[in-house]
Amino acid sequence: MSYIKPSFVHPALPRNKVGYLKRDYEGTISTLCAGCGHDSISASIVEACYELNIEPHHLAKLSGIGCSSKTPAYFLSNSHGFNSVHGRMPSIATGANLGNKDLIYLGVSGDGDTASIGMGQFVHVIRRNLNMTYIVMNNGCYGLTKGQDSATADFGSMSKSGGGISTPFQAIDLVGMALELNATFVARSFSGDKDQLVPLLKAAMSHQGFAFIDVISPCVTFNNNKGSTKAYDYVRDHIEVTGALDFVPKEEEITVSYEAGSSKSIELFDNTKLNLHKLAKDWDPTDIYSAKAKLEATKRKGNYLTGLIYVNPESKDLHRILDTVDKPLNQLNEAELYPGDGVLDGINAGFR
Amino acid sequence: MKEATTEKDTEISVNDFVIRFANVNGTGSASANGLFAKAIFRSGVPMSPKNIFPSNIQGLPTWYEVRVSEKGYLGRREGIDILVGVNPQSFKDDVESLVTGGFLIYDSSRQLHSEFLREDIHMMGIPMMRLSMEHFEVPRHQQLFKNIIYLGATVALLDIDIQVVRTLIEEQFAKKPKLIPPNFKALDIGFNFAKDNLTCPLPIRLEKRDLLEDKILIEGNEATGLGMIYGGATMMAWYPITPSTSVAKAYEKHASKILVEKQTGKKKFAFVQAEDELAAIGMVIGAGWNGTRAFTSTSGAGVSLMNEFIGLSYFAEVPATIVNVQRGGPSTGMPTRTQQGDMMSSAYASHGDTKHILLIPCTPKECFEMASLALDMADSFQTLIFLMSDLDLGMNEHICEPLEWDKNRKFNRGKVLDANDLEKPDLDWGRYLDADGDGICYRTIPGTHPSKGGYFTRGTSRDEYAKYTEKGEVYQRNVDRLTVKWNTAKNEVPKPEFYQNKNKGELGMVFYGTTTYAATEAMEMMEEKGIIIDSMRVRAFPFGQEVEQFIEDHKEVFIIEQNKEGQMRTLIINELEFNPKKLIKVLNYNGYPITADHIVEKIEEHLSIRDLLR
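Top to bottom, those sequences are chains A and B. Positions in the first sequence are counted from 1; adding 163 to them yields the numbering used here. Positions in the second sequence are counted from 1; adding 217 to them yields the numbering used here.
Hints listed in this document are in silico derivations from the structure and should not be mistaken for laboratory results. Treat the hints with caution; some may be incorrect.
What the simulated footprint calls covered on chain A by chain B, stretch by stretch (three residues with Cβ under 8 angstroms from a Cβ of chain B suffice, anywhere in the stretch; the number is not a length) [said to hold, decoys possible]: (1) 242-254; (2) 258-267; (3) 376-388; (4) 488-496.
The list that follows gives simulated cross-link-like pairs (lysine-lysine, DSS-like), each with its CA atoms no further than 25 angstroms apart [what the hints assert, rightly or not]: (5) B:K669 <-> A:K490; (6) A:K490 <-> B:K393; (7) A:K309 <-> B:K688; (8) B:K632 <-> A:K479; (9) A:K264 <-> B:K719; (10) B:K669 <-> A:K180; (11) A:K264 <-> B:K474; (12) A:K490 <-> B:K474; (13) A:K490 <-> B:K485; (14) A:K479 <-> B:K483; (15) B:K772 <-> A:K490; (16) A:K490 <-> B:K470; (17) B:K627 <-> A:K490; (18) A:K264 <-> B:K669; (19) A:K185 <-> B:K669; (20) A:K180 <-> A:K436; (21) B:K483 <-> A:K490; (22) A:K264 <-> B:K483; (23) A:K479 <-> B:K479; (24) B:K719 <-> B:K707; (25) B:K684 <-> A:K185; (26) B:K688 <-> A:K264.
A virtual CB, placed ideally from N, CA and C, is assigned to each residue, including glycine.
Pulled out of the complex, with its shape left as it was, chain A reads as follows (with noise of 0.2 angstroms):
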């Protein structure tokens, strides 16, 4: 069901760079449980978008099934999008991707989506570093089945459909499978974290290459209640960041400074800068041997870990390993694919 918003346009209403209003970035009113972590994400990506001058146009997304894989919808209304079947958006985003390297990419799945039916796919995608943003909306459950556990319900964790019975299997962490198939970014935060979230989103639509970003994304219907571990209120309390992180366009000069030792700058295949600061100890975002480190430290104290975790700047990404041409594959014509006069002939005298 969707519902129509207003169309009045307020004529001071800012704009940015490209010229569109925030509304422009927005999709429709969300169908979801009021209070769900989604719709805290949407905003987030509506506000990346816009602060990131994308036109609408120059951005698909992408989803599989479930309630994360219904919010393109709510965002980007301008933008084409496509809900796919259960676990496959990765291969749709691939074709896509290799039919038109211009756009920018942005998936949206969940943790059912991603950990159980799509992880071939998840993994697959990774592997060959296919040039987008991959958002799992982690809530430990399958909300719109009303609730069962997902694979990356935590060992212990009791959700409010398991009947007073905690999961007795081991937690699928999409993170570390992440870093062990060497994706070149990989970040975690949490939908209720806005001030994290939007750099983070911003910082994975300017990598050129597999951007993975987990949202812990607490599921109010089901998966809120004491016992669990993606309920809002335990997250925020086991949270630890691995640093503040500065999204800088590369028109824009950097202007803050922080004490050395405790910051770093990352530049990115555009040009764009990730500077970080406040950094954990022990951590090197370039660096993922300590990134796994820092992750599995941070795991054996029952912590979640957010933040950039580990980015790789020398990222080269599917386009790049197949050595296509620069023109989009779908705007070639019928004379830039001919083969040339006489190919065929040769061809032909080769079969006889």
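Dock chain B against chain A, hints included.
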């Protein structure tokens, strides 16, 4: 030891025989056998090779059968006239497979056990392995050149021009010229042994002709891969599965040469080996949604895995093309044998009410043409198209007309709105709005316009403007429009081929794909016996008016196909609502390509029973 071949009288027979090579796979025999077939092709005589191979890399029996037919019959024929038996595992069965009066060429390096002797055939021993060990030192060479030695012997026995074979060897090893002299040497060893010890040529022999003009010898899968390149496919995603793998290999091989930007060496295509068939078709659909021509190739098991996505392509109306190179099913079935066993599962693939356009080629040239047609139709009908090949067509070489491409041909990209179209002030555009009444709506490609044309593609029900809806009447209106689209397709799919100018009688026969070779031969065999049957080759699903009319016009119609259930017959009954009693099954489903003898036998059997009942 000289074993005579002239004791038993045999009439001289020119350019009409079947020779079978029985080998162990992984021993290098494919190269020698391929040279044999190509030598006959170069001699200007029609022939068709069939590779009957195991699902294995090394050590199991494999056969290579070549039918030579001056009359141009290119289907398989029953009865083996000459057998080159070099596989001890299958030797007993191989000896038994020869026709009475046939010729057995075997390795006499060791004494032949008496249980293998047959009085009614000609036994010709050639000490292949012994000769090879005498002349070559490295064990691997001894094994490989043993094959060339028997090739040399067959060249002498069948009176093939040895120079033709030498030229082929030179071409084959043009990049490794060191290998030419030892191959020549082995060829001569076998040739000379046969000349000195056996009566050459045999009464069954080859004579040069000029019957093939500028025809080519090519595997269907190679032609399919090329057709996709010429048809503008710039993305291919696939997962390895016999017998479709060589489609992907052909696409990559040729695209790497002819779809490359000259100045930079960069590729004008993306070739992705996916993690499974689900991902492969997902990538094709993603590319199609983005306005990129894309395809995948697979076989039955792969199509089963793709079913969910196939429904998405159909219902969300996203262009996609699947090449289904059919093999023996169900389940893993006979993965290296041929069948037309996926006609129904492809036609109605996926859950819910789904139907798909099938294009059914019968020659490599048609694979080439239908590949580009599939891409055009996927775009113009905004749906999923199956190109229905099979193992026989895909993996065996076939003689056909040379491939042709009109350089002025435009890709039919279908109803796509660009930025200018979207600017038109009076435009009432809905992604699923049938503005033209043909069931096909206008689509937009992501990235086209800053504020117009964006929509949400989904597999759920939606209204004409792509907005989610659960209203029953809106859903129904949409699926009824898909029926309108289906009916539009009936007029645009390839028309059937007829083998008579006008219908001559009450009997008809219907066939498709590789069954055509044997069916047209059977048609002539029956004509000689005075049985007149009108014939139609179906080239596509849905069935157009011509198909319906042909069946309507005949009292009894034989449906000849290579599966157990008579799947084309079921499609005809289901779609055209003919009385099943007038549609008679003529089936072959043992995994070997169907033969004309089999068809004639089954049709005659039916006719005699029917006459008895009258």
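For each hint, the structure was consulted:
| no. | hint | verdict |
| --- | --- | --- |
| 1 | 242-254 | holds (count 10) |
| 2 | 258-267 | holds (count 8) |
| 3 | 376-388 | violated (count 0) |
| 4 | 488-496 | holds (count 5) |
| 5 | B:K669 <-> A:K490 | 23 angstroms, holds |
| 6 | A:K490 <-> B:K393 | 38 angstroms, violated |
| 7 | A:K309 <-> B:K688 | 23 angstroms, holds |
| 8 | B:K632 <-> A:K479 | 36 angstroms, violated |
| 9 | A:K264 <-> B:K719 | 55 angstroms, violated |
| 10 | B:K669 <-> A:K180 | 20 angstroms, holds |
| 11 | A:K264 <-> B:K474 | 23 angstroms, holds |
| 12 | A:K490 <-> B:K474 | 19 angstroms, holds |
| 13 | A:K490 <-> B:K485 | 9 angstroms, holds |
| 14 | A:K479 <-> B:K483 | 16 angstroms, holds |
| 15 | B:K772 <-> A:K490 | 58 angstroms, violated |
| 16 | A:K490 <-> B:K470 | 22 angstroms, holds |
| 17 | B:K627 <-> A:K490 | 20 angstroms, holds |
| 18 | A:K264 <-> B:K669 | 21 angstroms, holds |
| 19 | A:K185 <-> B:K669 | 17 angstroms, holds |
| 20 | A:K180 <-> A:K436 | 19 angstroms, holds |
| 21 | B:K483 <-> A:K490 | 10 angstroms, holds |
| 22 | A:K264 <-> B:K483 | 14 angstroms, holds |
| 23 | A:K479 <-> B:K479 | 23 angstroms, holds |
| 24 | B:K719 <-> B:K707 | 22 angstroms, holds |
| 25 | B:K684 <-> A:K185 | 22 angstroms, holds |
| 26 | B:K688 <-> A:K264 | 37 angstroms, violated |
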